[in-house]
Amino acid sequence: MYYYTGAPNWVFSMFSFIAFLISFIPLPWHLEAWNVGTCMFMLWSGLANLVLFIDSIIWNGNMIDWSPTWCDISTHFLNGFNLAIPACSLCINRRLYHIASVRSVTKSKKEQRKAIIVDLCIALGIPFLQIPLQYVVQGHRYNIYEDVGCLGETFETPVAVVLYHLPPVIVGLVSAVYCILSIKHFYNSRAQFKEFLASSNSNLNLNRYIRLMCLAGTDLFLTVPLGIYTLWVNAKVFGIARWISWDDTHSHFSRVVMFPGIVWRADPFSAASLESARWLTVGCAVMFFAYFGFADEALKNYRFAFFSVAKRMGYSGATQSSSGGAWTSTGYVVSKKPNMSSGGATLPVFIRKETAQKRDSFDSFSDMSASYGALDYDRTVDKEKSLGALSLGDMAGILPDYKDSDFSCPESPSS
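If you're matching positions, the sequence shown starts at 1 in the UniProt record's numbering and goes up one per residue.
A couple of the hints might just be wrong.
[To be verified] Quick list of simulated restraints, FRET-style, between CB atoms:
id	residue 1	residue 2	range
1	Asn60	Asn301	17 to 27 Å
2	Leu166	Ser251	19 to 29 Å
3	Arg113	Tyr3	54 to 64 Å
4	Ser251	Ala305	50 to 60 Å
5	Tyr315	Val177	21 to 31 Å
For the record, the hints were derived by calculation from the structure and aren't laboratory data. Just so it is clear, CB atoms sit at the ideal spot from N, CA and C, and this is done for glycine as well.
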């Protein structure tokens, strides 16, 4: 008999908390550059790891409905996270494409604000739109899994495919188009880029740009294929129930279904879905930090923080210089360089072929995403199990649905 025996729950709690912390380390200098895509990626992945960390602590070794209000909020947030990472990736790839095509320039503050608003609509508005759409196909209030916590539930029907499973795939496809075009433009004009980067006063260099292109390509090879694979498994392997009506889908909506660890660990699809969804969320934060937490700008900030702390502790060492300034025991001294900032923080600037760029606005990237799909156990389709959403913009669950009679799991009344 199959039984999942993975890492102890405290191991996940530790790594999810670390992932929460490192998600926000690069945030200050990305905020300074108004890189909306990367900032929203950090916020979504960091908060998702915080939610999973709290859940793993509260429901460690139990499945008691301690806080219905928290479960309602956290499950809706994770439903939005289902589309958040693909949306952030689209925002980033779109920005990289406009930069790589070298065809436009931001001239006024009005245009700069417009660009920021568009990015926010993509990286924040689209995920929030997913929350009410998921409610349309939400079969009951939520599920509680021992050691995991509260997760949302989706009744697998054609409506659920359209409203919940397809959006991450569609967003991933659009992001992949931008990714391919940005790589194409960069490849065709790489000599021009190299000359421009060598002559510009920005902090951008060719190696950083190539690294960003590689990160953007991650979406193309991971997000879309996994999303399509999930749709295929849902449709062909487990089947999809017929949509009858709103009342049928939301019948007995207030119930909370609970699953002991011995139950969900005994099913390979349940175990794979729950554990992959949790750990891939951690992986998003770790991957982001791996690419941006050790960049030159990050190392400069680490050294600045080190010398600031050392100064408070009475350390008076020698100065340490860099291309952007010098670190001393009294703080960081910035070298005098011209820039396009009109008041401290700079906005990302696109450039034309004949225009020199003053600001490195490439501190953004595309990345894979993890999300929580429908973890539905109370519905069955032709005596088969139904599969939750799984894509790289949606690494949530390959979770089967069960009849209530399949398990004798206690239910908690809504409070």
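Find the hints from earlier in the document that the structure breaks and name them by number, from lowest to highest. 1, 5
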